[in-house]
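Here the sequence shown stands for residues 1346 to 1594, numbered as in the working numbering.
FYI, nobody ran anything at the bench for these hints, they're computed from the structure.
Do not rely on the hints blindly, as some may be mistaken.
Simulated restraints on C-beta separations [to be verified]: (1) Leu1355 with Asp1406: 26 to 36 angstroms; (2) Ala1381 with Gly1508: 35 to 45 angstroms; (3) Gln1412 with Leu1535: 33 to 43 angstroms; (4) Glu1360 with Arg1397: 36 to 46 angstroms; (5) Ile1590 with Glu1494: 36 to 46 angstroms; (6) Lys1392 with Asn1565: 34 to 44 angstroms; (7) Leu1535 with Ile1590: 31 to 41 angstroms; (8) Gln1514 with Asp1406: 34 to 44 angstroms; (9) Thr1579 with Asn1492: 18 to 28 angstroms; (10) Asp1361 with Glu1389: 30 to 40 angstroms; (11) Asn1492 with Gln1384: 43 to 53 angstroms.
Idealized CB from N, CA, C, for every residue including glycine.
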Amino acid sequence: MTKAPNTSLLRRLTEDELLTFQHQGYLILHHILPLAELQDLNDELEKRYQERLKKPEIAQDEQKRNQIHGLGADSERSRGFAADPRILSLVEDWVKPGIALFSAKLISKGPNEPNNVCHWHQDEAYWHIYSESQCRMSIWLPLQDVNRENGCLRVIPGTHKKGVIVPHQPRSSQDHGACRLSFLPGERELPNTVYCQIPAGSIVLFSNKLCHSSLGNHTNQHRRVFILTYQEATVTKGKDGDFAILRSA
């Protein structure tokens, strides 16, 4: 069992970091959570992954196999991460008034899945049907080191600035990969693309309107990412039963 975090050492974003997030739409922060805690979470999610493989309709579908949604509703450990003061202190100056959990999910790329791309998209293209938020953002937390070879997050800085959702089109269920509501195939390399290659325990914060994607996994190990999405507490609807007010407005 992991120890409770020391709340006297909470880290908040600096003024420069807030400006970077405002202008670029994303921010990388290194060494936020210890590896031992990530291993506990990874162990739980591995059990869930293996249970899901027993269902043929899931095991045979690459997207269903590699995604577990609703973790804020049915995983005590995931709920604990979502409400962790070390995480909330990093979003409190952007997500306000108050902080609510919109969703919590695991996105995996299995070993040797080079075609498991996440196509170019904006998260808000998926989420606006649930509720409208002025400051929705995500914490992208890899449980293993991520790089170009295993499918790290790719972003296009500044693409959130116009505050609009570009037209997205559904991709065929026969297509490989995930994020099938997209505006371009994930294999495309776009100008100014940044590869967020970071070690486990580091995080990427990014805006709900930032254009992003990821390539497939060319290694023989899993690449798992735990994604927490937050919004202001005055927007009282989330996704997959995950919604919870973590700090009142």
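Verification of the supplied hints:
no.	hint	in the structure
1	Leu1355 with Asp1406: 26 to 36 angstroms	violated (40 angstroms)
2	Ala1381 with Gly1508: 35 to 45 angstroms	holds (40 angstroms)
3	Gln1412 with Leu1535: 33 to 43 angstroms	violated (24 angstroms)
4	Glu1360 with Arg1397: 36 to 46 angstroms	holds (44 angstroms)
5	Ile1590 with Glu1494: 36 to 46 angstroms	holds (40 angstroms)
6	Lys1392 with Asn1565: 34 to 44 angstroms	violated (21 angstroms)
7	Leu1535 with Ile1590: 31 to 41 angstroms	holds (37 angstroms)
8	Gln1514 with Asp1406: 34 to 44 angstroms	violated (20 angstroms)
9	Thr1579 with Asn1492: 18 to 28 angstroms	violated (39 angstroms)
10	Asp1361 with Glu1389: 30 to 40 angstroms	holds (36 angstroms)
11	Asn1492 with Gln1384: 43 to 53 angstroms	violated (19 angstroms)
Hints 1, 3, 6, 8, 9, 11, counting from the list given before, are not met by this structure.
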